[in-house]
Every structure is written in structure tokens, then in C-alpha cells.
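Colleague: Listed below are the residues making up each chain.
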Amino acid sequence: MTTPEARTAFELNALIDGELTPDAAGEVEAWLASDQAARGLAGELRDLNRKLQDTFPLRTDEPLSPQLAALLERVPEPRTSTMVSRRTALAASLALLLLSGLAGLYVGSRFQPEQRRALALVAQAVGAHSVYVPEVRHPVEVAAAEERHLVAWLSKRLGEQIRAPDLVPLGFKLVGGRLLPDGPRPAALFMYETSRGQRLTLYVRRETSLANTAFQFSDTKGLQTFYWIDRPLAYAIVSNVGRAELTRVARSVYDQLEKR
Amino acid sequence: MRRRDAIAAEIPRLRRYARALTGDESEAEDLVQDCLERAISRIAQWRDDESPRKWLLAILHNLHVDGVRRRARRPLHVDLDKAEHVAAAPGSDSGSGRDLEAALRSLPGEQLQVVLLVGLEGLSYAEAADVAGVPVGTVMSRLSRGRDRLRQLLGDGGDRQGGRTSPLRRIK
Numbered sequence: 001m002t003t004p005e006a007r008t009a010f011e012l013n014a015l016i017d018g019e020l021t022p023d024a025a026g027e028v029e030a031w032l033a034s035d036q037a038a039r040g041l042a043g044e045l046r047d048l049n050r051k052l053q054d055t056f057p058l059r060t061d062e063p064l065s066p067q068l069a070a071l072l073e074r075v076p077e078p079r080t081s082t083m084v085s086r087r088t089a090l091a092a093s094l095a096l097l098l099l100s101g102l103a104g105l106y107v108g109s110r111f112q113p114e115q116r117r118a119l120a121l122v123a124q125a126v127g128a129h130s131v132y133v134p135e136v137r138h139p140v141e142v143a144a145a146e147e148r149h150l151v152a153w154l155s156k157r158l159g160e161q162i163r164a165p166d167l168v169p170l171g172f173k174l175v176g177g178r179l180l181p182d183g184p185r186p187a188a189l190f191m192y193e194t195s196r197g198q199r200l201t202l203y204v205r206r207e208t209s210l211a212n213t214a215f216q217f218s219d220t221k222g223l224q225t226f227y228w229i230d231r232p233l234a235y236a237i238v239s240n241v242g243r244a245e246l247t248r249v250a251r252s253v254y255d256q257l258e259k260r
Numbered sequence: 001m002r003r004r005d006a007i008a009a010e011i012p013r014l015r016r017y018a019r020a021l022t023g024d025e026s027e028a029e030d031l032v033q034d035c036l037e038r039a040i041s042r043i044a045q046w047r048d049d050e051s052p053r054k055w056l057l058a059i060l061h062n063l064h065v066d067g068v069r070r071r072a073r074r075p076l077h078v079d080l081d082k083a084e085h086v087a088a089a090p091g092s093d094s095g096s097g098r099d100l101e102a103a104l105r106s107l108p109g110e111q112l113q114v115v116l117l118v119g120l121e122g123l124s125y126a127e128a129a130d131v132a133g134v135p136v137g138t139v140m141s142r143l144s145r146g147r148d149r150l151r152q153l154l155g156d157g158g159d160r161q162g163g164r165t166s167p168l169r170r171i172k
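Listed in order, the protein sequences are those of chains A and B. When we follow this note's numbering, the leftmost residue of the first sequence carries the number 1, and every step to the right adds one. When we follow this note's numbering, the leftmost residue of the second sequence carries the number 1, and every step to the right adds one.
Heads up, some of the hints might be wrong.
[Claimed, not checked] If we take Cβ atoms under 8 Å as the criterion, some of the chain B residues that face chain A in the derived model are: (1) Ile-7; (2) Gln-33; (3) Gly-119.
[Unchecked claim] The list that follows gives simulated cross-link-like pairs (lysine-lysine, DSS-like), each with its CA atoms no further than 25 Å apart: (4) Lys-51(A) <-> Lys-54(B); (5) Lys-173(A) <-> Lys-156(A); (6) Lys-54(B) <-> Lys-156(A).
Calculated from the structure, these hints are not laboratory results. We treat Cβ as the ideally placed atom computed from N, Cα and C, and that holds for glycine.
Can you make the complete structure from the sequences, with help from the hints?
Modeller: Right, here's the structure in full:
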């Protein structure tokens, strides 16, 4: 059983470790504001972490001992066929798609259940895009002004830490986002737009049963989609900005999310 | 990225974690070597598309725990120079680091692990739970107990008032 004392200790620790949702953090902060002893404790806990980091700094420029260098030489690399990292595999698949001009998805009876589920992902993402992008007054539920809240909320609902990638360098500003149903489960939608009002959406949902994939491209009714699965999450980017533009976006999104 | 490079990139972290675990430079270096040795022998456990960090931290910790157990069965050996260092000068400037090191040594291994994974390595509770192979709730209680003990030890050794470091139950 968790006693009230343990609960307060958990809350203080979780606060200084950044493990609380914004709402919960707000509550604990409010409690700290009114309780000097608790404030003192939170301060001590923070001091403790600082002391740990000061006492054991990360020394990145320290040379390797000959023993360590020799050990590293012995790390076996996978055989060439599988040695390609996922990042390279993605880049390669992207290049292949671009070169071959092989737009669109295979259609027909060849679908395995896995492919059908991946297609369902595209259908959901394209559906959400089509419904919300034309909206003038209510394109999003939570606007970009409250980005931190938006991301924390959606992360909490999805049960995974997600992020709204920064696409400003590519000319797309975050409009905001919303929670969506994906069958009985939650999914997240982020919307971006250019200064000329061209919009794109990033659809994110949990995906733990399908295997990781490289970038896949799909073009349906004038909407282009790049999607990929990087468990535990699946992503789909939808827009009508054209394939070349969307490729740049997909690459940037992937790079940013990979660094999480 | 080649596996080799991915593992090499983690070495500074492994060294830091090993130093904090052992409190001894050369012991830490040995531990990192043992860790790589074992990682190579179990390379298939590492999923290529993930950072090897958590996997390596877990290996290193398990090796440390095994080593402590092995040494516990041998006659106690105390390095007097070191023992004096640890005991010396709680009030002095460099003392806080030494106090901290001594306090860390007195923590049960499972508490020390999460205190370091979260407080030093910056892992989330979920990641720390992954490394330790326990539920998140267990991480939270170990963390809370470990930090409580550290605060008490550091409080007693330093010049703080005893009252400031009394346990959490004083609140509310």
C-alpha cells in the first residue's frame, strides 16, 4: 500500500525529475508555494542531483585505453546485407521511391494483414487531413500558442512521449493539434501551414504489433502521404504540397523524431 | 552507424556511471572493459535500431553487482589511504564530493542504481525501469528511499541542522 508520506515523496521526486504532466506539476508547485518544509526538501533533492552531476562530470574528450580500443575492434558488425542501418535503409528506400517514380500503393488482393493495417494507418491519416484541413475557424483543438500543453496532453493520451517537430526552416509553422479516435484508441494530429495557407498534417498513433518499416509513399486523390513505423509509434505525413516538398518534410520530421 | 561506433559513443557515459558506482577510477575502467567484453559476447541481444545505451548500462550494472557479491565472499580488504580520504574533511570545499561518494557507497545497490540512472544519467523512470528490469513503481520507491538516505547521510556529515534532513513524513 502507498502511504500518504510515500505519495508526497514520490510527487516531489517526480516533480524534480520532470516526470509529472503539466497539470500534476502545477498542483505540486502550488503545494510547494504554500509549504516551506516541502520547498526545502524539493531544493535538497535538486541539490543532490546537481551534486551528482558535478562530482561525476561526463568526460567526452577522454582517450580510450588500448584495451578498450581493442575491444571495440572486436565488436562484430552484421553481414553486409543487414548492415545497412535503418537510417540508411530509410534514405535508400526514399531514393528508390523517388527514382522509380513508383507512386501509389500496390492495390489488389496481394495484401497481407500487416499491409492492410498499414493501409488503415494511411486511411486514418488521410481522413483526418481531409476533414480538418479545410476548417477555417476550428482546424485544431489546441493552438500552437499552447504547444507545451498540447504535446504533454497528447503524449499522455497516447501513452508515449511524442513531439511536434519544428518545420519552420521548411516554411511550415505549427497551427496546433488535436486528439483523434483510431478505432477505440487515441491518435494525435498536428497541423502545420505555410504563410500562404498551405497545410500539412502529421498523424501519430501507437503501433506495437506491426514491424518497423522504411518510408512508404502513397498518393491518393491528390493527397500525398509518407508514413513509417518506428515502434512504439507510427507516423503519417499528409499534404498536397507535392512529393518533392513532402519528401523534405518527411526527412526533417524523421531526423527530429529520431533524436528524441 | 556501425555497431562499433554506436557502442564507442556510449563509452564516456559508461565510464561516468562506473565511476559513480565504484568510486574508484581503475575499478571503473575494469568494469567498463568487462562490460564491453560481455556486450560483444551477447551482441545478439541488442536490437540494432535502438541506442545501445540502456542495454550497456544494464550489463554494466549487473557486472558490478556480481563483482560486489564476489568480493563480499572474500576477506575484507580495506585500503587505508582511501578510507582516510573518504573520512576526511567533511566541511572542506572538496569535501562535498567526497561526502557524496562515501554516502553513495553506503546505499543498497538497487537504490544506488536508480539514483544514478535518473539523477546522473537523466533516464526517465520508464527507461530506468527497463534497465533495472523492475516496474516503474519500484523505481519510484527505490529512488525515493535512496535519495532520502543520501540526504540524511549528507546532512549528518555536514554542518546542516539535523532537523532539516529529517524524513519526509514531517510534511503534511
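Colleague: Output the numbers, in ascending order, of every earlier hint that fails for this structure.
Modeller: Failing hints: none at all.
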